[in-house]
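Protein chains in written order, with my numbering: chain A, 203 to 600; chain B, 203 to 600.
By construction, these hints were calculated from the structure, which means they are not laboratory data.
Some hints could be false.
Derived pair list, reagent style DSS-like, types lysine-lysine, alpha-carbon separation capped at 27 Å [unchecked claim]:
hint, chain 1, residue 1, chain 2, residue 2
1, B, Lys420, A, Lys593
2, A, Lys420, A, Lys472
3, A, Lys592, B, Lys472
4, B, Lys393, B, Lys420
Computed beta-carbon distance windows for the label pairs [as the list claims (entries may be wrong)]:
hint, chain 1, residue 1, chain 2, residue 2, range
5, B, Leu206, A, Gly559, 17 to 27 Å
6, A, His496, B, Leu502, 29 to 39 Å
7, A, Pro461, B, Asp504, 23 to 33 Å
8, B, Thr406, A, Gly415, 28 to 38 Å
9, A, Glu374, B, Gly415, 22 to 32 Å
10, B, Asn506, A, Pro461, 56 to 66 Å
11, B, Gln254, A, Arg418, 32 to 42 Å
12, B, Val565, A, Arg418, 24 to 34 Å
13, B, Leu228, A, Arg532, 54 to 64 Å
14, A, Ser569, B, Leu316, 52 to 62 Å
15, A, His496, B, Ala251, 22 to 32 Å
16, A, Arg418, B, Ala251, 44 to 54 Å
17, B, His496, A, His496, 29 to 39 Å
18, A, Ala509, B, Met203, 29 to 39 Å
The model shown is predicted, which means the values in this text are computed figures rather than measured ones.
Note that CB positions come from ideal geometry on N, CA and C, so glycine has one too.
There are 2 protein chains.
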Amino acid sequence: MIALVALWLAGVLLAAKIAGDIAVRLRQPPVLGELLAGVIIGNLPFIPAPPQSLTLLAELGVLLLLFEVGLSSTVAEMMRVGATALLVATLGVVAPFALGYGASAALLPALTPLHHAFVGATLTATSVGITARVLHDLGVSRTPTARIILGAAVIDDILGLTVLASIVALVESSNGGEPAGYGGIAIICAKAALFLIGALAVGTAIAPHLMRGAARLKSSSVLLAVGLSFCFFLAWGANAVGLAPIVGAYAAGLLLEKPHASAFIARGEKPLDDLIAPIVSFLVPIFFVTMGMHVSLRSLTDPNVVALAVVLTAVGVVGKLVCGLVAGGRATDRLAVGIGMMPRGEVGLIFANVGLGLTVGGVPLVSESTYSAIVIVVIVTTFATPPLLKKRFSPRNA
Amino acid sequence: MIALVALWLAGVLLAAKIAGDIAVRLRQPPVLGELLAGVIIGNLPFIPAPPQSLTLLAELGVLLLLFEVGLSSTVAEMMRVGATALLVATLGVVAPFALGYGASAALLPALTPLHHAFVGATLTATSVGITARVLHDLGVSRTPTARIILGAAVIDDILGLTVLASIVALVESSNGGEPAGYGGIAIICAKAALFLIGALAVGTAIAPHLMRGAARLKSSSVLLAVGLSFCFFLAWGANAVGLAPIVGAYAAGLLLEKPHASAFIARGEKPLDDLIAPIVSFLVPIFFVTMGMHVSLRSLTDPNVVALAVVLTAVGVVGKLVCGLVAGGRATDRLAVGIGMMPRGEVGLIFANVGLGLTVGGVPLVSESTYSAIVIVVIVTTFATPPLLKKRFSPRNA
Chain A
203 MIALVALWLA GVLLAAKIAG DIAVRLRQPP VLGELLAGVI IGNLPFIPAP
253 PQSLTLLAEL GVLLLLFEVG LSSTVAEMMR VGATALLVAT LGVVAPFALG
303 YGASAALLPA LTPLHHAFVG ATLTATSVGI TARVLHDLGV SRTPTARIIL
353 GAAVIDDILG LTVLASIVAL VESSNGGEPA GYGGIAIICA KAALFLIGAL
403 AVGTAIAPHL MRGAARLKSS SVLLAVGLSF CFFLAWGANA VGLAPIVGAY
453 AAGLLLEKPH ASAFIARGEK PLDDLIAPIV SFLVPIFFVT MGMHVSLRSL
503 TDPNVVALAV VLTAVGVVGK LVCGLVAGGR ATDRLAVGIG MMPRGEVGLI
553 FANVGLGLTV GGVPLVSEST YSAIVIVVIV TTFATPPLLK KRFSPRNA
Chain B
203 MIALVALWLA GVLLAAKIAG DIAVRLRQPP VLGELLAGVI IGNLPFIPAP
253 PQSLTLLAEL GVLLLLFEVG LSSTVAEMMR VGATALLVAT LGVVAPFALG
303 YGASAALLPA LTPLHHAFVG ATLTATSVGI TARVLHDLGV SRTPTARIIL
353 GAAVIDDILG LTVLASIVAL VESSNGGEPA GYGGIAIICA KAALFLIGAL
403 AVGTAIAPHL MRGAARLKSS SVLLAVGLSF CFFLAWGANA VGLAPIVGAY
453 AAGLLLEKPH ASAFIARGEK PLDDLIAPIV SFLVPIFFVT MGMHVSLRSL
503 TDPNVVALAV VLTAVGVVGK LVCGLVAGGR ATDRLAVGIG MMPRGEVGLI
553 FANVGLGLTV GGVPLVSEST YSAIVIVVIV TTFATPPLLK KRFSPRNA
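With the rest of the complex left out, here is chain A (with noise of 0.2 Å):
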C-alpha cells in the first residue's frame, strides 16, 4: 500500500515541478501547471486510478495552506476588512445563486424550482484555494485587496455551504423524509455563525495562554506539533457544525499570531510559518494535480453538455465579477477581488457530487450533463483565474 502511494507521491512531485517549470516559462503562474499536469495524468488511458490515500494527503495540503495563509494575517487585520468582505461575500452567494437559478430555469423547464435552486447552489462558493495559492505566489498576500478576496472566499464557502444544507434539506422533506422548514435551515445557518464568532472570540481570548502553556512541554518541535494541532481540531471542530474543514483551518491561522509562539523562538524554535512551508510545498502540489486529474476531458465532446456549460460560466463569471463592485476602500482594487472570487474548484465539484446523489419527484437533482457543463465551469473558471489575477496585479497594474 504504502510502495503505491509512494509512486504516485514520486510521479506526481515531479509532474508538479516540471509543469510549474513549462507554466513559468510561459509567464503563467505555476499552479495552472499543475492543474494541467493533472488533466492530462487523469486523462491518460493506461493510468489507473490514484489511491484514496492520495486524496487524504491532498486534502491536507489544502487544510494546511489555508492555515498557512491565515497565519500570515491577524484576527485584527480580518476585522478591519470584515464588513467589506461579508458584503463582497454575501453579493457572490446572492448573484450567481440567482442568476445560476435563472439559466437553468430557462435552458430546462422541465425541471422543478429545487433543481433550479441546486444549479445556481453548486455556483455560490469560490475555491479559495487557488485564489490563495496565486496571491501567495505573486507575494501579495497581505495587500488590503487580497485579505478582502481571502476574507470573502472563506465567508462565501460558509454561505455556500449553508445553502447546500438547507437545499438538501428541502429535497429531504420533499421526498417524504423529516419536514425541514425554515426551523431546520435557520438552525444549520446559526451553528455556523456560532462556530466561526465562537472560534474567533474564544480563541482570540486563549490562544496566547495556549501557547505560552505548550512552551513549558519539554520536547522537542513542540510549537510545530501545538500549532499543526490546533489547525487539525478546528477543522474537525468546522467539519462537526456542516462547514469546511478548511474554514476552520484558516480561522486557526488568524488565531496564531506571532507574538504568542515567543518563548519558543526563545528557546530555538523556528517560526510557525518557517515550519509549515515545506510541508505546504510537499502536500499543496498533490492537492492541484489531484484536483486536475478529476477533469474528464470526453464531457467537452457533447454539445449540448458545451451549450449549458457555457451558459453556467458565463453566469458563474459574471456573478462573481458584480461582487467585487461592492468592494470599498481607497487601496482596494475592485476587478481583482471580483476575478479573486471567480475561480470554482472542489466545493463545486462536491456540491455537484450530493445533486447526483438525490431526487426530487424521482428526477436526479443534477443529471449526467448538468454535471459535466458544472465541472466545465470549475475547469474554465479555475484554469482563468491565475493568469488575469497575475495580470491584475502585476505592476503595470499597480
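Following the hints, position chain B against chain A.
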C-alpha cells in the same frame, strides 16, 4: 473523512508531545513517551480504531525518517563501515534465527521445522526506526558506532525479509503450490542484492546530474519536490524487489549528498535536510504513537504466553547483543552496537501477521499465543532500547 483524520492527528500530536514531555522529565527519550502514549490510547475501551489513513501517514513518516537519516551520511561514509556492518548484520540475523528456532523446538515440540524457522525469522529484523530516532535525538547519528548500527540494521532488514520470503516460498510449496526449492530462494536473494548494489552504483553515478538538471526547473520548492520524489521512487523500487520500502528511502538519502544541491542553495532554496526536518517532525510521532497502539495489554495476562514471551525475549536480546561483539574498530562501542540492534518493531509484527495467515499441515504457522508472545518481544525490546542506548551514549560512557 478528512475531518476524522484531522481529529486523530490533533489528538495524536498533542498526546505525543505531552507524553514526550513526561519522558524527558523522567530522563527518558521522548520516543518512549510517544510509544507509551500509543499503548494507552490503543487500550482505552472507548476509543475506536484509527482510520487507515493514519497508518499511511505513519508509514510515510518512517520512510522520511530513514530518508533523513540517510541524508546525514554519504555512500562513501557507509562504505567505510560497510564490511563491519555486513558482519554485524549477518550475525544479527543468524544468531536470533538459530536461537529462536531452538527455543521454538524446545518449547513447542509438536510443531514442524518450518514452524520453528518462522519463529526464528520473526526475531531477525531490527526496527531501525526506533534506533534512528534515539540516535538522532541524542545527536550522535554521525558517529562510527551509529553508522554501523544503522547500516547493519538496514542490511539485516534485507536479510530478514529474504529469510521470510524464502520460508513463505517453502511453505507454499509444502502445501502443494509451485515447488519453490533453492532456485526460487536464490532468485529472491539475488533480486535484493542487485537492487541495493544497483541503486547505490547507478545512483552515485546519476544523482549529481539529476540534481543539476532539476536545478534548471523554474518553479518554487523544486529541491524539496525532487528530493522527495527520489526518496519515494527508491522506496517503491525496494518494495518491488521484495524489500522493505524504508531500505529504498535510506539509500535515497545516502545518495543525495550536500554538494549535489549547491545550485539550489545558490538560488536561495534551503538545504534538503532543513526542509525535510519539519515534515519528519510532523509525521514521525504519528508512527511511534500508532506503533504503541498495536500493543494489546490483554495478551499479557495469559501465563503460557508470558512464558513463551520471556524465552523469546531473552533469545531476541542475546541474539542481537552477540552480533555487536564482531563490530571492530577502535572508535566503535560494541555494546552500543548490540543494544542499537535490539529493537524489533513493525517488521517483526508484519512477519508475525504473515504467519497468522499461513498453515503447514493444517496447523497455523503462527498460533494466536505465539503471536502474542512475539508482540511482547517487540514491546520489551523496543521499550528497553531507548533508555539503554541513551545511558550508553551519555557522557560518562563516552
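Status of the hints after comparison with the structure:
1. Lys420/B to Lys593/A: holds (19 Å)
2. Lys420/A to Lys472/A: holds (16 Å)
3. Lys592/A to Lys472/B: holds (26 Å)
4. Lys393/B to Lys420/B: Violated, because 38 Å separates the two Cα atoms, which is more than 27 Å.
5. Leu206/B to Gly559/A: 17 to 27 Å: holds (20 Å)
6. His496/A to Leu502/B: 29 to 39 Å: violated (48 Å)
7. Pro461/A to Asp504/B: 23 to 33 Å: violated (55 Å)
8. Thr406/B to Gly415/A: 28 to 38 Å: This hint is violated: roughly 49 Å between Cβ atoms.
9. Glu374/A to Gly415/B: 22 to 32 Å: At roughly 56 Å between Cβ atoms, glycine 415/B and glutamate 374/A fall outside 22 to 32 Å, so the hint is violated.
10. Asn506/B to Pro461/A: 56 to 66 Å: holds (59 Å)
11. Gln254/B to Arg418/A: 32 to 42 Å: holds (35 Å)
12. Val565/B to Arg418/A: 24 to 34 Å: violated (55 Å)
13. Leu228/B to Arg532/A: 54 to 64 Å: With Cβ atoms ~60 Å apart, the hint holds.
14. Ser569/A to Leu316/B: 52 to 62 Å: holds (60 Å)
15. His496/A to Ala251/B: 22 to 32 Å: About 30 Å separates the Cβ atoms of histidine 496/A and alanine 251/B, which means 22 to 32 Å holds.
16. Arg418/A to Ala251/B: 44 to 54 Å: violated (32 Å)
17. His496/B to His496/A: 29 to 39 Å: For histidine 496/B and histidine 496/A the Cβ distance comes to about 35 Å; the hint holds.
18. Ala509/A to Met203/B: 29 to 39 Å: For alanine 509/A and methionine 203/B the Cβ distance comes to about 35 Å; the hint holds.
Taken one by one, the earlier hints fail for this structure at numbers 4, 6, 7, 8, 9, 12, 16, listed in ascending order.
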